[in-house]
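Peer 1: Letter by letter, the chains look like this.
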Amino acid sequence: MSLLKILGPVMVGPSSSHTLGALKISRFAYKLVGKTPDRVTFLLHGSFSKTYKGHGTDRALLAGIMGFKQDDPRIKDAFKIANERGLEYSFEIQDLGEVHPNTVRIKFEVDGISHEIEGSSIGGGDIKITNIDSVPCDLSWDYDTLVIVNKDIPKALEKILDAINVNVANLYLRRINALLERALTIVELDEPIDNLEEITKIPYVYECYFIGRDY
Amino acid sequence: MTWKEISEMSKNMELHEVILTLEMLENGDDPVNLKNMLGDILKVILEESEKQYGKKQKTLTGLTGENAFKFRNYSPKLMGEFNYIATTTALSIAESNASMGRIAACPTAGSSGIIPGVYYSLYKLFNPSFEDLLNSFIVSGGVGNVIAKKATLSGAAGGCQAEIAAAAAMAAAGLSYFFIKSADVAGNAAALALKSLMGLVCDPVGGFVEVPCVKRNGNIVNLAISSAELAMSGIKSVIPLDEVIDAMYKVGKSLPESLRETGEGGIAATPTARKLIDNIKNNLF
Chain D
445 MSLLKILGPV MVGPSSSHTL GALKISRFAY KLVGKTPDRV TFLLHGSFSK TYKGHGTDRA
505 LLAGIMGFKQ DDPRIKDAFK IANERGLEYS FEIQDLGEVH PNTVRIKFEV DGISHEIEGS
565 SIGGGDIKIT NIDSVPCDLS WDYDTLVIVN KDIPKALEKI LDAINVNVAN LYLRRINALL
625 ERALTIVELD EPIDNLEEIT KIPYVYECYF IGRDY
Chain A
2 MTWKEISEMS KNMELHEVIL TLEMLENGDD PVNLKNMLGD ILKVILEESE KQYGKKQKTL
62 TGLTGENAFK FRNYSPKLMG EFNYIATTTA LSIAESNASM GRIAACPTAG SSGIIPGVYY
122 SLYKLFNPSF EDLLNSFIVS GGVGNVIAKK ATLSGAAGGC QAEIAAAAAM AAAGLSYFFI
182 KSADVAGNAA ALALKSLMGL VCDPVGGFVE VPCVKRNGNI VNLAISSAEL AMSGIKSVIP
242 LDEVIDAMYK VGKSLPESLR ETGEGGIAAT PTARKLIDNI KNNLF
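Read top to bottom, the protein sequences are chains D and A. Numbering of the first sequence is given in this note's numbering, commencing with residue 445 and proceeding in unit increments. Numbering of the second sequence is given in this note's numbering, commencing with residue 2 and proceeding in unit increments.
By construction, these hints were calculated from the structure, which means they are not laboratory data. Treat the hints with care, as some may be off.
Straight-line alpha carbon distances no greater than 25 Å define the calculated DSS-like cross-link-like pairs of lysine-lysine that follow [to be verified]:
hint, chain 1, residue 1, chain 2, residue 2
1, A, 52, D, 524
2, D, 449, A, 57
3, A, 44, A, 125
Covered by chain D, per the in silico footprint, the following chain A stretches (three or more residues, Cβ under 8 Å) [claimed, not checked]:
hint, stretch
4, 98-104
5, 141-150
6, 154-162
7, 198-210
Backbone N, C-alpha and C fix where the C-beta goes; we use that ideal spot for every residue, glycine too.
Make a model of the complete structure from these sequences and hints.
Peer 2: Below you can see the structure in the form of structure tokens.
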């Protein structure tokens, strides 16, 4: 899609890396849980922590966590809208270590369940999701993405892959906890699946999240 | 992909079709879908140009925001109507960008005023069909694509020449294509624009896309227009577009880091800029 990237994307200014990229990382977090969380904390690292207000990074992050798309004119008013919706939010500056200068860690809570996403805005509006719930990964969100917490036993992965009815582009696997027999499976897909429910019902699957890509 | 290869293919097929076809060969995109999606971007550009034209904006730092308004309320002494509308539009979109308005990052957010400048002026003054505008827009994209592949469109990597000069080259090529359906003329227009801004540094005050970016958009849209006029008159760039792009990349790589979007060199390092940055930071944090 390179021509679309050169003549676009359509976005809200002023900066593709500080506004658009930031929004995409937090919109990924929104889509993981499928709704606006009850509370959120944004930990800003490096360049994000230095210039975030002047680039509207804070409003972009807040807009993204409420599910706004990158060209939504309401992004400017994200603070006001978050207050109206009763979303509790805070911004903190934190050194996140040896990561990209434009990195944010988003801690959010919905219906009593906590999640954590870390992502970097790597230029031109492109992002990398580098951590989901303490599991390292490397997702571009150029694909439809399936995040599954599953039982860490033989044949679990086979059953999951068997139920996926579209082409798999990339696959990431991590053991979360050997004692509890839990693993995280992240699958990047060429197109959206249409049988999410079927996957959710697999006995080896504890949690299943589908994060469709934005076009 | 080089402009020379594209030009050669356009002997048997229209230039905008060549660009769409190459995209299909490379990424597997359906040319009809792709053209529709590019049309959606062009529609946003024209809509926002109409909506923001000459409006005051409340930008994030307050360093800009009233330039488009001032220019709209001024009667030009020297410029023709085409340049006047293009300049007002370029300022309007650049200031809208700085106030978190909706823009097409075309090719980047900081240079997002140039392409709207020329297309909105064409739209207002020449009563074109949308199809004609879109075909020219695709040619602008084709030039941008060659620059992206052979060099860079990022100010941090190549200086402002990679952003605003690239935008001017894209605009000049598309503008000439609207009147003369020739890859050679479009290539010359793009080369003439890019050569005129070779070495331009990226030096935003405080790192924010406002000073000098907004006024550069307003100024340089005129360079895109004059480059198109020069090329349409039959003037050729002695150095072909592909080689100009290669040279631009080499210049970009040899620019010191302080002149590549760090906010530490060029006009960002002047005493006035430093004073302004202190004020902005105090007000923001």
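Peer 1: Against this structure, judge whether each hint is valid.
Peer 2: Evaluated hints:
Simply put, residue 52(A) and residue 524(D) have alpha-carbon atoms about 23 Å apart, close enough for the 25 Å limit, and the pair holds. A distance of roughly 29 Å separates the Cα atoms of residue 449(D) and residue 57(A); the hinted pair therefore is violated under the 25 Å criterion. Distance hint between residue 44(A) and residue 125(A) is fulfilled; the C-alpha atoms sit about 14 Å from each other, no more than 25 Å. Note: the stretch 98-104 of chain A has 7 residues with beta-carbon separation from chain D under 8 Å; the three-residue rule is met and the coverage holds.
Taking a C-beta to C-beta cut-off of 8 Å, the stretch 141-150 of chain A contributes 6 residues in contact with chain D, enough for the three needed, and the coverage statement holds. Three residues within the 8 Å Cβ limit are the bar, and the stretch 154-162 of chain A against chain D gives 3, so the coverage statement holds. Figure legend: the stretch 198-210 of chain A, annotated as covered by chain D; annotation consistent (4 residues with Cβ-Cβ distances under 8 Å, at least 3 required).
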